[in-house]
Amino acid sequence: MGRTGPRVEIFSLRLVIGGEARLLSGVRFLCLLLALPLTVSAATSRGFNRLLDAVVRIDVREVSFETGVKRFTGGIGSGVILNDDGYILTNAHVASPRAVDLSITLANLERVKATLVGWDHWTDLALLRLDLTDLKRRGLKFSHADLGDSDKMQPGDPVFAVGTPYGLTRTVTRGIISNNRRSFEEGLGSINGYETGLFNTWLQTDAAINPGNSGGPLITENGLVVGINSRSSSGSAESLGFAIPINVAKRVVASLARSGGDGNMGSVTRSYLGLVFGPLQDLEKFYSLKQNTGVLVNSVDPGSPAAKAGLKPSDILLTIDGVAVDGRFPEQLPPILDLIANKTVGATVKLAVKRGDQASEYALVTEKLESRQGEAWAFEKWGLAVRKVSRAYARENQLTDVMGLLVTGVQNGFPAAVAGLGRNDIIIKINNETITTLDQAKKLYDALADKTDSVLIESQFNHQVSLRVLKPKP
Amino acid sequence: MKTNLLFIFMRRHRAATLLAAAVWLLLPAARPLRAADLPSLWKERVKSVVSVEFFTETELDRRTNIVAGVVADANGIIALPPGIVGGRVTPAQLKDFRVHLPGEPAGAYAHAEYLGQDNLSGWNFVRVEEKVRTKLVPITAFAGKASTGEPAMAEEVWGIGLRGKDEDFQPYLMVARIGLVQSLPERTAVALAEVAAPGLPVFNGEGIFLGVAAGGFGSSYLQYGARGGATPVMLMNVEESRVFILASEVTPWLGRVPANGSGRPIPWLGTYGLEPMDPEVAAFMKLEKQSGCVVSEVLEGSPAEKAGMKPRDIIVAIGGKPLPRLTPDRVAVRYFEREVDRHAPGDAFAFTVLRGSERIELTATLADEPKLAREAERKYFEKIGLTVREFVFGDGVVRRVKLADQRGVLAHFVKSSTPVSTAGLRADDWIQEIDGTEVKTYADAVAKFAAIEADATRTEFVLLASRGGETQVLRVKLK
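Chain order of the listed sequences is A and B.
Take the first sequence: its position 51, counted from the start at 1, is 51 in my numbering, and no numbers get skipped.
For my numbering, add 1000 to where a residue sits in the second sequence, where the first one is 1.
Just chain A, with the same shape it has in the complex (with noise of 0.2 Å):
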């Protein structure tokens, strides 16, 4: 068996199956040991055994700041070698930016350091890149998968999952494609609280696929990859796995190369409108609308560009800059977000919309897309682990500034707890300076966190303002 257990981490998942909100639960996170070289006769091609050699097993010693304090915790996972430049394709929930060490273990079973090039928790795809020089100076070798074309697959089509699951390291499953659009209406839930699963579908399979094949390939017959095995269903479900599809992988891998590397964290920009989509389905005849003709807005974000602009729940959008767009079935709207998503931020998209009767255009300036989960940092000497207040989070709360710092947890018998901060509380102001940047609390913090002076504190929660004083330790 494995010599650590796989990190799973679980959630719920709401499949809506006919109309019906079915809840799958403890869908999956997946990760999987290495798959060493085998030789399978169900797929003995060239093309295969390349693949198989491409694989590798990712250990992760990362860094949290849950409960106040900074702890470090390690985890397991896979990737696949793209490149002869040594990027590895694994899952954002296998590698993020929390990482302190990544330790890549290759097909010859030698180990190499690695470095996060880029991280998009929405794919929940992550880029690392192995240390070539150290390879150079050891001499080693390794190999890169190629990939095919996940468009091209079909309802039928055999694939194979290769990965470790349960820590059974050299497993090589079977299976078909199930559906090659999968879609999750309410999306899929998040990565540590991070969005996820909205601007694509997956592909489903039922290879099976179990904790421990995270971040693992999901292959044709040749070898080539057409998928990213991230999920699976647990419980009492059966053979429902889930795989990235590798036409995504590909766009979202050329956007984290050339943004990251060198210090910097590469990212997917992304565009934002704030609306909400729904299916049409059944309610043409109410809008008076043909069949497969626009999309329903089901919600508009407060103070997005898209409420600022006035647009209404129970609108219709026909077309976002001249292009029809089509959302009769929930397998529909990913790629229609994703149409929004690759807009230049701060273009001006043009929406033709239907209110009643009246049609009518709106132009829109797109903001950049922005995660709820805002930086994490800890104050170790005060026992208080805090996010930055993301805009979405605070649209989501209706707070009327995006400032502060979300309580994410505090260290019995610390400071911060001591003076009566909890979760979810918000630190607004300390010693009656607003704090509107991570970076502020944490030169203050630095200024304050050796001395014996009171520190007063003004927090919220719920809307509620409470005084707080914050005693350091002496």
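Mixed in with the good hints, there may be bad ones.
Among the chain A residues that face chain B by a calculated CB cut under 10 Å, a handful are [as the list claims (entries may be wrong)]:
#1 D282
#2 N292
#3 T293
#4 V297
#5 V300
#6 K312
#7 Q398
#8 V402
#9 M403
#10 G420
#11 E458
#12 N462
#13 V465
#14 K471
#15 P472
What the hints contain is simulated information worked out from the structure, not anything from laboratory work.
If you're wondering where the values come from, they're calculated on a predicted model, not measured in any experiment.
Even glycine gets a Cβ: it sits at the ideal position worked out from N, Cα and C.
Fit chain B to the supplied structure of chain A, relying on the hints for placement.
Relative to the frame of chain A, chain B by itself:
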């Protein structure tokens, strides 16, 4: 031996509102209660208590409630403890009040009329029909002289409890000693054992009326599981209380019979989210000898706003008098709210706030509080499966909607397995549009829903509803 008592304020607040106070077993009684005196004292005083049964009618059922009440005057006025009406239960839903005399056959009750709730005390009042009034004695008949003062520590006191309906509401005796008297902010005595049913009077050895027992106080216990692990739990005895508010406080309340069912007029300042100033903060601000209240919000159009009050002001004085130092610190908020409640709409209310380092004197002219949820119009549509309720000022406050943007109605009740509940509507959702048309007023919504219910050919309709700031289109299938 030591007992912990926990005071639970029935308020919207965080779990941290469980406040503890220690009570000690004290010296033997100074003035022993003589058993020989009791029967005659008992016989008279039991005439000042009754059991009141009434029904709460909701969309789906009719619930029975039984509370204890104290006779307030010679004209059949009976005072009942707080907590009968609220946002969910309105005076109109309270039906069929029946007054049972202790120990008389439960079938032989007298009818009573609900008069409303007093805003200051929270007490509810009913008036019992004439035929039984001669059998009742107002509690004021047993009042002591003002010089009687407060009960002494360890003094033995007694009160009345009432058994259940199946036992003809038989009255029974409870005896305890005074452990502590404190301000919460009313002068309140904590006895060492249960001393009376909530809402019923407590007396001393001479039969002098000392106060009325209050509910809502719990005690903390540890619950041991089968595997030995202990879990802290709070238990509240809802039939008997150890805590009573002194006669000096409650006697004036006995006369506060509301002029109408809604308890109007209700004085209103318009501060929202008052938080007590933490003692450490008070010390930081050099205000350790008094209490203070931090104002989270000043409501739009309120007397406080007109007086120039700002969010985050700290209220430190009323009428030039500093807020007394009260413990636990949450009591300071109740103290302030109570001071407002002592006034009437139209009164000038002068207070002092601390804004930064500046002390500012403000005077507000109190107004009558905007319509409350319990006064809002509502109507039940059985076929669709919901009760719609008028949108009132407080709904805008909790939803953070500016006055100018307030419209629509609330889903007050959503029946399960009905078209609207299947469509995803939940109680307290804010309905803004019906069939793509904005709902401007309550009457507008009622007319639209009535038309939908009346139209047998209707297969579906569409609602625009908002919950937690997020608005959604809901499709309701009628067939």
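Tested hints:
| no. | hint | in the structure |
| --- | --- | --- |
| 1 | D282 | holds, 7 Å |
| 2 | N292 | violated, 18 Å |
| 3 | T293 | violated, 17 Å |
| 4 | V297 | holds, 8 Å |
| 5 | V300 | holds, 7 Å |
| 6 | K312 | holds, 8 Å |
| 7 | Q398 | holds, 5 Å |
| 8 | V402 | violated, 15 Å |
| 9 | M403 | violated, 14 Å |
| 10 | G420 | holds, 7 Å |
| 11 | E458 | holds, 7 Å |
| 12 | N462 | holds, 8 Å |
| 13 | V465 | holds, 4 Å |
| 14 | K471 | holds, 8 Å |
| 15 | P472 | violated, 13 Å |
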